[in-house]
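**Q** What follows is each chain in one-letter form.
Number of protein chains: 2
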Amino acid sequence: MKRIERTGMIIRVLTENPNKLFSLNYFTSLFDAAKSTISEDIAICRKIISDMGDGEIVTVAGAAGGVKYVPRLSDKTVRQFQQQLSERLNEPSRVLTGGFLFTSDIMFDPRVTKFAGNIFATKFMDLNADYVVTIETKGIALAVMAAEALNLPLVVMRREGKISEGSTLSINYISGSTDRIQKMSVSKKSMHPGTKAIIIDDFMKGGGSAGGMAEMLAELDVSTVGIGVLIATREPKKKRVDSYYPILYLDNDPEDGRITISPNDESLE
Amino acid sequence: MKRIERTGMIIRVLTENPNKLFSLNYFTSLFDAAKSTISEDIAICRKIISDMGDGEIVTVAGAAGGVKYVPRLSDKTVRQFQQQLSERLNEPSRVLTGGFLFTSDIMFDPRVTKFAGNIFATKFMDLNADYVVTIETKGIALAVMAAEALNLPLVVMRREGKISEGSTLSINYISGSTDRIQKMSVSKKSMHPGTKAIIIDDFMKGGGSAGGMAEMLAELDVSTVGIGVLIATREPKKKRVDSYYPILYLDNDPEDGRITISPNDESLE
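Chain order of the listed sequences is A and B. The opening position of the first sequence corresponds to residue 62 in my numbering, with each subsequent residue numbered one higher. The opening position of the second sequence corresponds to residue 62 in my numbering, with each subsequent residue numbered one higher.
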């Protein structure tokens, strides 16, 4: 097999499996080639991916080492995405009775959620989490894309305990957006104690859902190491969680209540 | 830029965006290269992807033409996935009180759902659907991965009408697994009349949910052109929908009720 074919295949395999480590042996036996040949191939792949500006190929040294592809979006690419998405969300037809914003098409859009998942992965990759966690329903597509990019399992908390979840742990919490008591529940077999989780959700206002999830995780002896949402309201500034990363902010004009969505311009680099 | 770099980047761009058409001009201006050069590059990429056995690069002729990557899994690859997944699902610890099977970890596993999404894309690609549709909650990860592979928007039906969905259409239907009346609801602005949809769900027993979704789609003047589920029970044979494609079958031993999961060995080639 020629070098041009091997490098094409290596790029395909690595980028299809973000954050998954492949040993050099995997490629030497796949291509029946010498280790030195594969090392040179990978150096070429690394340059190609680096030139594309949205990820990198990382080498992990040692006996259990190998290479992996990691998403690593530049601020410029993130800003472009945020601008385009803000424009879509600022279309006047999205405003519903009661001042709600229609976002379901965007929260389940595969391309939007995949890109957002790569942003969350860029932000949270170095935290070495064990799980991505969300609560049904509208954050699930975002969360599964983040979990894919981070190569982590996804745990979805439910509003009600289900027979098919087996034995569950439940808590009540106050939703910041509705001021009502809500319930969440999670299967006890879904997570191991002493691990770390990243919480992903579609929307944050008071932080009640994220706070409730963090509380639930604490009950399971799982620590929350990061919280990411697609949209957070700018007000109230004080939320029930201290630290969170929103991709976009929502502002309500104090005069006429008009909603404006805009990028969070925090740097991820 | 060298050919080896161009081909690596073309493979990356195409496979990251399944079923999305890129004009030749896109690549000629990206690389500042002649059309004949890019055509030769693409021929090399086509061979590389074809040799990998899980997809192909397709050329669409004409003024609005271009190239796109489409997932196209071989039966051999599908069978391997089905075998491994059946083994995971047949672990005795998954059986819950009441004979239910714990599947949540699998239904939200990013790698499993991504592979399953590529199977559904292979099966349903030629139907030229406009939407992928599911109902909350456990089919959402599968459905968003199928939607990504098919480059289609995803519509998620809800159990209850939500303020944030705007004006909704609701129906009641009988769930085949529980024999209870359930409700489903969808935002009227989520789909255009006169279009086609593929229904994806995690599990099918009587076919009540899928039948309910098809009924709802008919109300919106959307025709159901395909139904895919991860697991379908072998009994009852007669379900509320005529035609559906399960990746796996579930058998209940008539003597002791023991559950066995096994591959659907229908060919997709």
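For the record, the hints were derived by calculation from the structure and aren't laboratory data. Predicted model, so just to flag it, every value in this text is computed and none were measured. A portion of the hints provided could be inaccurate.
To be verified - From chain B, some residues computed to sit far from chain A (all C-beta separations above 10 Å):
(1) GLU66
(2) ASN86
(3) ASP112
(4) GLN145
(5) ASP166
(6) LYS175
(7) ILE201
(8) MET206
(9) SER251
(10) LYS257
(11) ALA279
(12) LYS298
(13) ASN313
(14) THR321
Stated by the list, open to error - Below 16 Å or equal to it, Euclidean Cα-Cα: the simulated EDC-like pairs (lysine to aspartate or glutamate) are:
(15) LYS266(B) x GLU296(B)
(16) LYS63(B) x GLU197(A)
(17) LYS250(B) x GLU152(A)
(18) LYS249(B) x ASP166(A)
(19) LYS63(B) x GLU66(A)
(20) LYS184(A) x GLU276(A)
(21) LYS129(B) x GLU152(B)
(22) LYS63(A) x GLU197(B)
(23) LYS81(A) x ASP191(A)
(24) LYS300(B) x GLU276(B)
(25) LYS250(B) x ASP166(A)
(26) LYS223(B) x GLU66(A)
(27) LYS108(B) x GLU152(A)
(28) LYS223(A) x GLU327(B)
(29) LYS250(A) x ASP112(B)
(30) LYS257(A) x ASP240(A)
(31) LYS223(B) x GLU330(A)
(32) LYS223(A) x ASP166(B)
(33) LYS137(B) x GLU327(B)
(34) LYS250(A) x GLU152(B)
(35) LYS108(A) x GLU66(B)
(36) LYS249(A) x ASP112(B)
(37) LYS63(A) x ASP115(B)
To be verified - Chain A is faced by these chain B residues, among others (derived, beta-carbon under 7 Å):
(38) GLY69
(39) LEU157
(40) GLY160
Every residue gets a Cβ at the ideal spot worked out from N, C-alpha and C, and that includes glycine.
**Q** Does each hint hold? Answer for all of them.
**A** Here is what the structure says about each hint:
1. Residue-level check failed: GLU66(B) sits 5 Å from the nearest beta carbon of chain A, not beyond 10 Å.
2. Remark: the non-interface label on ASN86(B) is consistent with the geometry, its nearest Cβ contact in chain A lying 19 Å away (cut-off 10 Å).
3. The Cβ of ASP112(B) sits about 7 Å from the closest Cβ of chain A, inside the 10 Å cut-off, so the non-interface label is violated.
4. For GLN145(B), the non-interface assignment is confirmed: its Cβ lies about 16 Å from the closest Cβ of chain A, beyond the 10 Å cut-off.
5. Not every beta carbon of chain A lies more than 10 Å from that of ASP166(B), the smallest distance being close to 6 Å; the non-interface claim is violated.
6. For LYS175(B), the non-interface assignment is contradicted: its Cβ lies about 6 Å from the closest Cβ of chain A, within the 10 Å cut-off.
7. The beta carbon of ILE201(B) is not kept farther than 10 Å from every beta carbon of chain A, the shortest such distance being approximately 4 Å.
8. Separation of MET206(B) from chain A is inadequate, the least Cβ-Cβ distance of about 7 Å not exceeding the 10 Å criterion.
9. Its beta-carbon lying about 6 Å from the closest one in chain A, SER251(B) breaks the requirement of being farther than 10 Å from that chain.
10. The Cβ of LYS257(B) sits about 18 Å from the closest Cβ of chain A, beyond the 10 Å cut-off, so the non-interface label holds.
11. Even its closest Cβ contact with chain A, about 21 Å, leaves ALA279(B) beyond 10 Å, as expected for a residue assigned away from the interface.
12. At roughly 23 Å, the least C-beta separation between LYS298(B) and chain A is larger than 10 Å, which holds for a residue marked as non-interface.
13. Distance check on ASN313(B): its Cβ is at least 15 Å (rounded) from any Cβ of chain A, clearing the 10 Å threshold; non-interface status holds.
14. Distance check for THR321(B) against chain A: the nearest CB is about 18 Å away, which clears 10 Å, and the non-interface claim stands.
15. For the suggested pair LYS266(B) and GLU296(B), the alpha carbons sit about 7 Å apart, so the restraint of at most 16 Å is met.
16. For the proposed pair LYS63(B) and GLU197(A), the alpha carbon gap of about 47 Å is over 16 Å, so the pair is violated.
17. Distance hint between LYS250(B) and GLU152(A) is fulfilled; the C-alpha atoms sit about 14 Å from each other, no more than 16 Å.
18. Among the hinted pairs, LYS249(B) with ASP166(A) is consistent with the structure: their alpha-carbon atoms are about 12 Å apart, no more than 16 Å.
19. Annotation: proposed proximity of LYS63(B) to GLU66(A) holds, straight-line Cα distance about 14 Å (limit 16 Å).
20. At roughly 22 Å between alpha-carbon atoms, LYS184(A) and GLU276(A) are farther apart than 16 Å, so this suggested pair is violated.
21. Proximity of LYS129(B) to GLU152(B) is assessed by CA-CA distance (about 40 Å); at most 16 Å being required, the pair is judged violated.
22. Distance hint between LYS63(A) and GLU197(B) is unfulfilled; the C-alpha atoms sit about 47 Å from each other, more than 16 Å.
23. The suggested pairing of LYS81(A) with ASP191(A) holds, with an alpha-carbon distance near 14 Å, which does not exceed 16 Å.
24. For a cut-off of 16 Å, the pair hint linking LYS300(B) to GLU276(B) stands: about 14 Å separates their Cα positions.
25. Among the hinted pairs, LYS250(B) with ASP166(A) is consistent with the structure: their alpha-carbon atoms are about 9 Å apart, no more than 16 Å.
26. A hinted pair counts as satisfied when its Cα atoms are at most 16 Å apart, and LYS223(B) with GLU66(A) does not qualify at roughly 51 Å.
27. Between the alpha carbons of LYS108(B) and GLU152(A) the distance comes to roughly 43 Å, so the proposed pair goes past 16 Å and is violated.
28. A distance of roughly 32 Å separates the Cα atoms of LYS223(A) and GLU327(B); the hinted pair therefore is violated under the 16 Å criterion.
29. Taking the CA atoms of LYS250(A) and ASP112(B), the gap is about 41 Å. The hint is violated against a cut of 16 Å.
30. For a cut-off of 16 Å, the pair hint linking LYS257(A) to ASP240(A) is broken: about 29 Å separates their Cα positions.
31. Taken as a hint, the LYS223(B) and GLU330(A) pair is broken in the structure, with Cα atoms around 38 Å apart against an allowance of 16 Å.
32. As the CA atoms of LYS223(A) and ASP166(B) are separated by approximately 14 Å, the hinted pair is consistent with the 16 Å bound.
33. Between LYS137(B) and GLU327(B), the direct Cα distance comes to roughly 11 Å. Compliance with the 16 Å bound is thereby established for this hinted pair.
34. Restraint check for LYS250(A) and GLU152(B): the C-alpha separation of about 14 Å stays at or below 16 Å, so the hint holds.
35. Proposed proximity of LYS108(A) and GLU66(B) is supported: the alpha carbons are some 9 Å apart, at most 16 Å.
36. Restraint check for LYS249(A) and ASP112(B): the C-alpha separation of about 44 Å exceeds 16 Å, so the hint is violated.
37. Only pairs whose Cα atoms come within 16 Å are accepted, and LYS63(A) paired with ASP115(B) is rejected, the gap being roughly 20 Å.
38. Hint status for GLY69(B): holds, given a least beta-carbon distance of 4 Å to chain A, under 7 Å.
39. The closest approach between the C-beta of LEU157(B) and any C-beta of chain A is roughly 5 Å, which is under the 7 Å cut-off, so the hint is satisfied.
40. Taking 7 Å as the C-beta cut-off, the interface hint given for GLY160(B) is violated, the closest approach to chain A being about 10 Å.
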